[in-house]
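Starting from the structure of chain A, add chains B and C where the hints point.
Residue numbers (our numbering), protein chains in the order written: chain A, 137 to 640; chain B, 1479 to 1780; chain C, 120 to 393.
Fair warning: there could be bad hints in the mix.
[As the list claims (entries may be wrong)] Computed list of lysine-lysine pairs in BS3-like fashion (alpha-carbon distance at most 25 Å, straight line):
#1 K308(A) - K1518(B)
#2 K1518(B) - K314(A)
#3 K239(A) - K335(A)
#4 K256(A) - K1521(B)
#5 K557(A) - K531(A)
To be clear, the hints were calculated from the coordinates, so they are not data collected in a lab.
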Amino acid sequence: MEETVTATLSPICVPLPAHADTPKKGGRLRLGLSGGSTTDSLDPATIPDAVPQSVNWSLRNNLVEISADGKPVPELAESWESSPDASQWIFKLRQGVEFHNGKTLDAQDVVESINHHRGKDSKSAAKGIVDPIKEIKADGKDTVVFVLDGGNADFPFIMCDYHLTIQPAGTKGAEFEKGIGTGGYMLVAHEPGVRALTKRNPNYWKEGSAYFDEVETISIADYSARTNALKTGQVDLINRCDVKTVHLLKKAPGVQIVRVTGTKHYTLPMRTDMAPFDNNDVRMALKYAIDREQMLKLILRGYGSVGNDHPIAPSNRYHAADLPQRKFDPDKAKFHLKKAGLSGHTFKLHAADAAFGGAVDAAVLLKEHAAKAGIMIEVVKEPNDGYWSNVWLKKAWCTCYWSGRATEDWMFSTAYAADAKWNDTFWKHDRFNQLVTAARAELDDAKRREMYGECQKIIRDEGGVIIPMFADYVEASSNKLRHGKLAGNWEMDGQRLPERWWFA
Amino acid sequence: MTLFIISILIFVGVEALPGDLTEAVLGQSATPETVAAFRKELKLDLPPHIRYLSWLGGIVRGEFGNSLANGRPIADLIGWRIGNSLFLAATTAAIAVPLSILLGIVAALYRNSFFDRAISMVTLSTISFPEFFVAYILIALLSVQLIIFPSISNINAQMPFLEKIHAIVLPCLTLTLVVVAHMMRQTRAAIINILASPFIEMAKLKGLKKTRIVIFHAFPNALSPVINVVAVNLAYLVAGVVIVEVVFVFPGLGQLLVDSVSKRDIPVVQASGLIFASVYITLNLLADMLSIISNPRLRNPK
Amino acid sequence: MAFFKLLRSSPLSARIGLAIVLINIAAAILAPVISPYGETEIVGDVWVSPSPDHYLGTDHLGRDLFTRLVYGARNTIAIAFVTTVLSFMVGALCGFFAATLGGWTDLSLSRGVDIIMAFPTLIFALMVLSVVGTSITSLIIVIALLDSTRVFRLSRAVAMDIEIMEFVEAARLRGEGTWWLMRHEILPNAMPPLVAEFGLRFCFVFLFIAALSFLGLGIQPPTADWGSMVMENAGAITFGIFTPLVPAGAIAFLTVGVNLIVDWFLHLASGLED
Chain A
137 MEETVTATLS
147 PICVPLPAHA
157 DTPKKGGRLR
167 LGLSGGSTTD
177 SLDPATIPDA
187 VPQSVNWSLR
197 NNLVEISADG
207 KPVPELAESW
217 ESSPDASQWI
227 FKLRQGVEFH
237 NGKTLDAQDV
247 VESINHHRGK
257 DSKSAAKGIV
267 DPIKEIKADG
277 KDTVVFVLDG
287 GNADFPFIMC
297 DYHLTIQPAG
307 TKGAEFEKGI
317 GTGGYMLVAH
327 EPGVRALTKR
337 NPNYWKEGSA
347 YFDEVETISI
357 ADYSARTNAL
367 KTGQVDLINR
377 CDVKTVHLLK
387 KAPGVQIVRV
397 TGTKHYTLPM
407 RTDMAPFDNN
417 DVRMALKYAI
427 DREQMLKLIL
437 RGYGSVGNDH
447 PIAPSNRYHA
457 ADLPQRKFDP
467 DKAKFHLKKA
477 GLSGHTFKLH
487 AADAAFGGAV
497 DAAVLLKEHA
507 AKAGIMIEVV
517 KEPNDGYWSN
527 VWLKKAWCTC
537 YWSGRATEDW
547 MFSTAYAADA
557 KWNDTFWKHD
567 RFNQLVTAAR
577 AELDDAKRRE
587 MYGECQKIIR
597 DEGGVIIPMF
607 ADYVEASSNK
617 LRHGKLAGNW
627 EMDGQRLPER
637 WWFA
Chain B
1479 MTLFIISILI
1489 FVGVEALPGD
1499 LTEAVLGQSA
1509 TPETVAAFRK
1519 ELKLDLPPHI
1529 RYLSWLGGIV
1539 RGEFGNSLAN
1549 GRPIADLIGW
1559 RIGNSLFLAA
1569 TTAAIAVPLS
1579 ILLGIVAALY
1589 RNSFFDRAIS
1599 MVTLSTISFP
1609 EFFVAYILIA
1619 LLSVQLIIFP
1629 SISNINAQMP
1639 FLEKIHAIVL
1649 PCLTLTLVVV
1659 AHMMRQTRAA
1669 IINILASPFI
1679 EMAKLKGLKK
1689 TRIVIFHAFP
1699 NALSPVINVV
1709 AVNLAYLVAG
1719 VVIVEVVFVF
1729 PGLGQLLVDS
1739 VSKRDIPVVQ
1749 ASGLIFASVY
1759 ITLNLLADML
1769 SIISNPRLRN
1779 PK
Chain C
120 MAFFKLLRSS
130 PLSARIGLAI
140 VLINIAAAIL
150 APVISPYGET
160 EIVGDVWVSP
170 SPDHYLGTDH
180 LGRDLFTRLV
190 YGARNTIAIA
200 FVTTVLSFMV
210 GALCGFFAAT
220 LGGWTDLSLS
230 RGVDIIMAFP
240 TLIFALMVLS
250 VVGTSITSLI
260 IVIALLDSTR
270 VFRLSRAVAM
280 DIEIMEFVEA
290 ARLRGEGTWW
300 LMRHEILPNA
310 MPPLVAEFGL
320 RFCFVFLFIA
330 ALSFLGLGIQ
340 PPTADWGSMV
350 MENAGAITFG
360 IFTPLVPAGA
370 IAFLTVGVNL
380 IVDWFLHLAS
390 GLED
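Okay, chain A solo, but in the shape it has when bound (with noise of 0.2 Å):
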């Protein structure tokens, strides 16, 4: 049953003539990047964005790590198997591997730190997707069992969640700030939103990795910040480039632009347990008001593909591809507003750049697209500070972005099943929750595919959810970098951007 999965992501990416290179060692690599805090902690449980993980994921490994053909590949578990069911699932740990602190791993330190996100007490972000798990045990130093409350086909990718990282056992509280763990650099100094420096572990178990000998990331939240420091040359890379300027910036001399079609989309989550969403056909007329492609190209400029009002990015395996696409049509808009009996409603969008970039524009863009099906939405701005907190999950109707996930099922009962965390939409739907829970423990292939087919045939028609686009990671870099396949599962390089990038 090993390596069960095959191909699930596969990233599109800009093809470089560096790809021949052969890799080199040396090198301070100095990254520029959004998504830092000066309240960002080391403790795996709360990293909350872009900074942190890449650092987390510089110092500390996974038991396996999603590869850049998105297939989960051993990373300090050597192998893995499962029980005909796939509710049980073993790993047998790498031998030898040492922490920086010289502790040898086992089997403890993996049932440690999982342990870390379970349980009454976690204040885990990860808490989510490991309560299936039911038990975790040490079967002798290099044996963990796992026990799931249900057959989880796809239980290695959850394996690869970026909170879900292997410290020595016993490590808590400010301990966590040291940075310990088995990766490829070790920590020289962290200001939390400032910088963090590390430097190449000598000791590393993972062959052809972590080239660089220092690696600085500087937490720059500005993009035109960032862009500067990138031309000016004091960041040898930054993230989140902004979409609009792209074409601009590759024109500067030295700069390669880095982009990666992956699964991260934009939603608009409108919640069906309220007036007047709950009504679908107000949820048809919006889905119907808006004109993708040109929201693609006037908010993405291009950089990403036009989304069909469900999660399943084309890059996913079991994506169907057969369903049409849906189209501006304010006809059919017209058409289902007024059989619900709202024509001359206002509705109000919720909106803030901490959703996603251009949020708000393309909240505004919407409205022009909808005022032509005679469709009046008022674009109410909210504060980024504690917008996820008060406006999503809390109004009828507002902007949100998903990362994606690696697997449909980790999807669905992320965001949409009946009983999921996060169902932002609060959609229930018999069909749709009978088909998601049959489909996790299904090892038919084909039987699976149709299965998830039907469930995004579903949400596209069902559902509580506008998802307009896919947005690509849009990364720029010095041209003196080099690179293998790029991962989709994250943005920069599936974040483990330090350890797989080198210098020409």
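This is chains B and C only, laid out in the frame that chain A set:
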């Protein structure tokens, strides 16, 4: 006393903000159970007045406590940032204050001349531009086009002094452009106002030179409003430069305060708020004292 | 009539200032008439260069920049004016009271203002607006309140200086009340520095709104306002695109205009001749 009231107000203010640290840190991935567990760990489940009193107890013993978000000691977190903020403010003030007073005096001296009008237009235009925009323009010119100064000023403790100065030239210049106009115009207005007084007429009739009148007779009498506007601007330079910090990636206190407010990290907000308040109060006391010293009438109350 | 006489005697600079302000006001009033497109209408690609179709090109969403500018005049000037007037009414009144009454009134008002001012303005506004939400009304009230603390300090300082003048002493001995003193003695004499401050405060409102929108709060889109327009397009300057200079220039233009008039007033008030 004032500080005590401020500390209560800050506490109440941050408490009044919707959401708390746990929700802010967990963000999109918060669930009721994890939030509850997190709160318990940070003792955020205790009633507000108890948390406030325990914080106050710490302060009285001279302990700022730890950041709620990452458990680091607040004294460490804030210590070097105060140094950075004061460094930037002092450097800017050393340029901006003499410059604006000088310009103000010269403009008053040659009022309505070409020079006066030109300086007035230029300063008005510079303050009409939002400060982040001034910063962007300076970067585009002096950092990207002519590669003279770095575009980000992420100074750290190990940097030698001269390198630090070089790193902060652009933020310093930005802030100077932002504050000079205000101080310069108030200086000019105050002097011109005094020039209408009878004792200046008197001096004129005595046949004193115009320059002498403005510098030795008018300016000392115009000091009170000038000192006030300088104090306000100095306080601004220490506390109000969040945006310049963001644009230049300068590790100052403002950025820390904004981040802590948005994450509801109350002890950090309290500590940095109090520091700003003390700076402000000190500057104002100084301003009041200097005003009194400079005005003979106030010096000898009836 | 007296006004026109005054106008005829005014220097060129004041006339230019007046013309600038009038142009802006006219643009604000006539916005729907003179703008070629709708306020929020998307008419083309992003950041298109100026052409006969789009006099100033387009903005970051492909809206006509000239149209946005004209509508922006309408929203921005109205907001800035109301805010500044409000802050001066509150601030100057409290400042004069503090100075004339002295004692406890002065102490409590001054301490209260100190407390508000001791916390960085931008962060204070950020916190308050996060709680009450950002409508135009709440923006106006919050900015006016914060601005009024500055006005308070200035007017108190100025009034203190006037308060000890002989003519105030004389009026007091005549038995005039506080209100009378404030209106007839202090206000006229405190006018020049206050008016000078008004000219600056007026344009600080634009800047404050711009700063707030930099931190993610500010005027609700798609309403056009100059401060947010600078913010939204600011990144373009890095690439040598002039778009953000247009709204910034508009703010500068109006500021210069307002302050030219202020200078003229100061000149008249000072009674100096040259």
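**Item:** K1518(B) paired with K314(A) [C-alpha distance capped at 25 Å]
**Value:** holds, 24 Å
**Request:** Would you mind confirming whether the straight-line C-alpha gap from K256(A) to K1521(B) stays at or under 25 Å?
**Result:** Holds, at roughly 16 Å.
**Request:** For the pair we were handed, K557(A) and K531(A), check the Cα-Cα distance against 25 Å.
**Result:** holds, 16 Å
**Pairwise hint evaluation, K335(A) against K239(A), where the allowed Cα distance is 25 Å at most** = holds, 19 Å
**Item:** Given hint K1518(B) paired with K308(A) - CA-CA distance at most 25 Å
**Value:** holds, 16 Å
Of the numbered hints listed earlier, not one is contradicted by the structure.
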